[in-house]
Every structure is written in C-alpha cells, then in structure tokens.
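As they're listed, the protein sequences go chains A and B.
For the first sequence, our numbering assigns the number 1 to the initial residue and increments by one for each residue that follows.
For the second sequence, our numbering assigns the number 1 to the initial residue and increments by one for each residue that follows.
No wet-lab data here; the hints were simulated from the structure.
None of the values given here were measured: they were computed from a predicted structure.
Treat the hints loosely; a few may be bogus.
It does not matter which identical chain is used: a pair holds within one copy or between any two.
[Stated by the list, open to error] Pairs of lysine to aspartate or glutamate residues, derived as EDC-like cross-links and limited to a Cα-Cα distance of at most 20 angstroms, are as follows: (1) 185 x 293; (2) 185 x 283; (3) 30 x 302; (4) 185 x 329; (5) 304 x 7; (6) 304 x 34; (7) 304 x 52; (8) 345 x 329; (9) 190 x 314; (10) 190 x 312; (11) 87 x 27.
Number of protein chains: 2
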Amino acid sequence: MNDDNLEFPAETFSAVKWNAGMLTLLDQRKLPREINYLDYDSALAVAAAIKDMVVRGAPAIGIAAAYAVVLAARTAWQEAEESWREKIEADIETLAAARPTAVNLHWAIAEMKKVFDSIEGDPEPVLLETAICIHEEDIAANHEMGRLGAELIVANSQVITHCNAGALATGGYGTALGVIRTAFKNGSIKNVFSSETRPWFQGARLTSWELQQDQIPVNLVIDSAIASVMENNKIAWLIVGSDRIAANGDVANKIGTYSHAVSAYYHGVKVMVVAPSSTVDMDIESGVDIPIENRGTEEVTDFKSTRIAPNDIEAINPAFDITPAKLVDVIVTEKGIVHNPDTEKMLALFG
Amino acid sequence: MNDDNLEFPAETFSAVKWNAGMLTLLDQRKLPREINYLDYDSALAVAAAIKDMVVRGAPAIGIAAAYAVVLAARTAWQEAEESWREKIEADIETLAAARPTAVNLHWAIAEMKKVFDSIEGDPEPVLLETAICIHEEDIAANHEMGRLGAELIVANSQVITHCNAGALATGGYGTALGVIRTAFKNGSIKNVFSSETRPWFQGARLTSWELQQDQIPVNLVIDSAIASVMENNKIAWLIVGSDRIAANGDVANKIGTYSHAVSAYYHGVKVMVVAPSSTVDMDIESGVDIPIENRGTEEVTDFKSTRIAPNDIEAINPAFDITPAKLVDVIVTEKGIVHNPDTEKMLALFG
C-alpha cells in the first residue's frame, strides 16, 4: 500500500481502526518504510498482533484489545447464543496475557466486561459502541493532556522524547507527542530530540516520522547520546509516555526512560510523564511490583535477519524500566496534573 | 578467511600486524561474522582505513599510524632518497587528520618523527624498529594496567564495560578488557555487562565476542538499559577505555560513556578509566577543548544497506563524549593510578 492510506497531518494517524466489521491495524513493525494495514476478525489473532508488536503503545494496545473483545463476543455468540459470556473467557484471558506491563490492556478489557451484564441478545452492537467510546475518549484525553502539558512549557523550549508516545501509540494525537504537538503549535517548543530507542527503534522509525510529517523540527540521536545532548544544549523537558503508573507515582515506560530520567536529574532537566488516567494502576503500590516484560534476546542480537552479536551470546532484553517518582516532576493526565508525585497526591486525583 | 587466522585466547588477538613488508589489519567492520584481513602498502590507504574504521580503538589507531609512517617513508625514499623527510610530510598530515579525537594517533606519529633526524640512508629499518617498539610497549602497558586496575576490584565483582577497549582496540590484551581479563583470572570479576554501543555495535560485535572467546561470563545489553542494570544488580565498577584524557582528568571516550558515568554516579558505582599514558594530552586543559568527531548520520539512520529512519531526517552522530573528571574515580595508566583526578594529580604523574 502507499501513503494514500494515511491521513495527514500525522497527528490524525490512526494505528487502530474498526472497518467493515473487522479490526484494522497499521503494521508498526514495517514503518516508516512500508505502510501496511492488516485486518483481524478474531481476538486470538489480535492477541498475537499485540504480542508481536504489530500494534504497540499502551493506549493503542488497550483500544485494540477493546475491539478484540467485540470480535471474541461475535464468535462466541455465533457458537452459542446463550453462553457467549462463558465462551468468551478463554479469548479474554489470552488477550490479557499478551503483554504484561501495559495496564491499559487490562483496563480496556475491564471496561468492556462492565457492560456484559446489561446486554440482551447479540452483544456485538453494544460492545462495539463501548469500544468506539473507549477509542474516542482516548483521543479526547490526548488533546486535553496536550493542552495541560503544553501550559507548563515556556516559549522556544527544546525537549527530548523517548520511544513513541504519539498518534501511533494511542487512539490518535498522542500523549507525550500530544503535548509536543500542542506546544509546537503555540510556540512553546521549537525543537525535539528523539532518541532512537533500541532495540525496536520506535524513536527512529515512528517518532521521527510523525514529527517530520507534521513539520515539527526533530533531531534523531542514539539513546546513549542523550546525556551529552543535555550537557551541550539547553533542554527544558524530557517528555515521555507511560505503560503503567503505580500508586506512589513510580512510572513504568520503555527501557531507557529511567536512564534518560537519571540524566535529566543530573542536568536539571525536568521530567514530564504524559498518560491517560487508564495508565494509572492504584492497585500497585510502587514500581517494584510492576511486572516487567523480558522480550526475546534476538531483538538485541539481530537486526531483522542479520546477526549482529556472536552466536550463543547471553543477552538481556527488558522491554521496560521503572522511573521512580522522585525523578518525575509532573504526571499529566486528562484528569489533571500531579506535581512531584507521591502516594498522597496520586490518591487525591485517582483514589 | 576462517578462524584459523586468529590466535586464541582472544587476549592475544592482534588487530594490527606487520607482515611481509606490509601492514595487515583485521577488518573490524565485519566482525564477528567474518574474519577478514586486509593488507596495506601505502600510508594514504591506512589513513582511509582508520577513517572508515577498518581499525578502531585509540591505541590500535596509534600503532597502525606508526606502521603507516614506515610505509610512507618507504615510498618517499623510493621517490627521492635525499628528500624523503620532506616528501613524507603530506602523507603524515593526511594520517594525522584521519580521526580527530584519539590523541594516540598524533602521539604515535610524533614518536616516529622523533627518530627522523638520527636516520642515515634507508629509513625503513629504523622506522620499522620504532613502530614495532611502540606496538610491543603498548601490549606491555596493557598487561601492567591490567595488574594495577585488577588490584582495585574486590572478589566476585560484577562490572560494566562500554564499547570495545580490548585486544582489538589496542596492540593486544586491551585496556579496560585488560583489567577485566586480569581480574577475571584472579577471581575479582565474575560477570561482565557489555553495552552494545550504538551506532557501531562495538559492545555487541567486539567486546562480547572477545569475552566469549576467553570464556569470561558476559551479558549483552542495550545502552539505555545500563541505568536499569545498575539499579537491579550489584555493580562494582564501570570500566572503560579512553581516546583522550585532558590535563584536568576529563575523559573523551566513545559516545555513551558519559551517560553511563552519570548513571554510575547516581547509583554509587565507581568509574575506572584505563588508558596508556599516550592517551593523556597535557596540552589540553580540559574536556571542552577536546575535538569531538561528528560522523556521518547514516551510521544512525541506516543499518548496513537498510534504512531505519525516514528519509531526509535530521540526525546527529557525535562519536565521542566527555566524562568530566569529577565523575571519574580512577584513571589507570601503565605509569600508575590517579585517584579522583584533577590537574594537580595529573601533573604529578604526567607533567
């Protein structure tokens, strides 16, 4: 396929779409070289797509899972109208287990299950309406976070972002990139450093591309150069998304976020975490209890089909790390902002 | 070629050899997938090989340049016996400009030029003897630094190293890896984390391979996971090489070293810089005056012939960064150790 399939500007990109009774995902493994959409008509296939990172980004995973519940319910209803609620459980368990760290996946499934009891007859219309609502509310939340976060940034700032927390990672517009988009429009941000985000290159492949499409000045840089960028440039903020925020304000996000946050602390750069309230998990006391996904080491040792490292090398590939609340200056959600987060302040907004 | 061309253990690997009147370089761009030696009979070709990173690592670059001066002198002598000292100058200037950050290149050329005046007749025998002496002294220095550095490490330590400061980066045995080799042999080190070192993957391709060959336990990890590794493991030391050390103890080394040193400071991990005294540049007051090479951005945007990033993206690719002396616990040289380096202590040892 070609670019005709993408809407511009990039802030309106949609990685997740419901189309003709199926879920359509933009294959993020191929971006930006190939614009390729894949269609899904079963929840198990969506679970595999989440695991394989066809779709990634905590909010986008949640939305894809919501639509997958619609697919699961359709199949269950077709198989046994009376017992679709029982039939669907195995699919939902597989979906929920697709990736462990992003809590939005569990949140979205729980939102979908809330309406199960009220459904009479074919569940698909009601569940689809619920999924579309989750999707639309995510986009609205991103715009609201964009507004709130951008207000914290002074004119002509330079900022750093890590991984991709953009339109592609969400229902649209983005969390961290939502703030950056809004702040660029109002003149608060003049330049963005995008760290490439090994091993999956979300910064190089996705964030740089989104910002380039929207004509927001962006400099791509390897992850380990971020400390040097902070030392040699006036950087106002490190702005990132999150996959799960604990009750004390500890933040799980893409591996490297913690490294960047430590550098930010050392250089007096402020740290802004932007995430919808669905990312906040008040059942988890602190970051040490957040499950961290360890992915296959071939993501580190190989580039596509080319081996980089020697054979049989030991490698570790944690997909996320924990940035402690003490390194976070603000958490921006659509419900409001938490400055210098701690359990008390988190409870006040999310309790 | 195959592995028969490499001597084992890896501590005896030689990336630079004088063989049958030519300079032979192990092509480090192809490692560890291909063991390929390239022969050079002209100084300009060696300068190109240094620029293109056929040979890399500050001490190895210096040694290669010393042998290149032999080649340059041979050509100049063949062209005009009486004026070889003048004829050689253009080649030497090209050699010296091949890479700007590593001072060992300039040091080695200066060492070679010191004997020019004393030469009568054909310069090749005397210059070759001098180059071999530089090479052998580098290996001896590495063993001495290995001994000195290993004494600082308590039993069963885990350490982190960045880039490759091993046999491949030097005349043999290595600087940072020399310390690690000696400390592993005497039981001080039980495990090494090797950060992959984007964009050129020296950690993945070279360091992991050297350590694996010598059966030293190694875990390969992406650069941005190092802060997380420090948080989640008991790490005693970050051990790195250097391309130039200023008079105040500021250290230029592979991009990412500064990032790791900031993380080390935050986590209470000690930082050891291991480099021969030829790396110390007492003419440079502090790190801000060390020239930092910016390499082509295709090293960041592409992997071999595969484009990673979108077309026409702005990228920056500094090959080195500066770790300030205040983040360095010890500088280990063959002349001795400088603890908590500053100008006064550096002058005492290198003045």
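Hints versus structure:
Taking the shortest alpha-carbon separations for residue 185 and residue 293, neither the intra-copy value of 36 angstroms nor the inter-copy value of 35 angstroms comes in at or below 20 angstroms. In the homo-oligomer, the alpha carbons of residue 185 and residue 283 never lie at most 20 angstroms apart, since the shortest distance is 37 angstroms inside one protomer and 48 angstroms across protomers. Taking the shortest Cα distances, residue 30 and residue 302 sit within 20 angstroms of each other both inside one copy (16 angstroms) and across copies (14 angstroms). For the homomeric pair residue 185 and residue 329, neither the shortest alpha-carbon distance inside one copy (23 angstroms) nor that between copies (46 angstroms) is at most 20 angstroms.
In this assembly of identical chains, residue 304 and residue 7 lie within 20 angstroms of each other by CA distance neither inside one copy nor across copies; the values are 28 angstroms within and 31 angstroms between. Proximity of residue 304 and residue 34 under a CA criterion of 20 angstroms is satisfied in both settings, with 15 angstroms inside one chain copy and 18 angstroms between copies. Only within a single protomer do residue 304 and residue 52 lie at most 20 angstroms apart by alpha-carbon distance; the minimum there is 14 angstroms, versus 24 angstroms between protomers. Proximity of residue 345 and residue 329 under a CA criterion of 20 angstroms is satisfied intra-copy only: 13 angstroms inside one chain copy versus 39 angstroms between copies.
Within a single copy, residue 190 and residue 314 get their C-alpha atoms only as close as 42 angstroms, which misses the 20 angstroms cut-off; across copies the closest is 14 angstroms, which meets it. Taking identical chains as interchangeable, the C-alpha atoms of residue 190 and residue 312 lie at most 20 angstroms apart only when they sit on different chains, with a minimum of 19 angstroms there against 45 angstroms within one chain. For the homomeric pair residue 87 and residue 27, neither the shortest alpha-carbon distance inside one copy (29 angstroms) nor that between copies (60 angstroms) is at most 20 angstroms.
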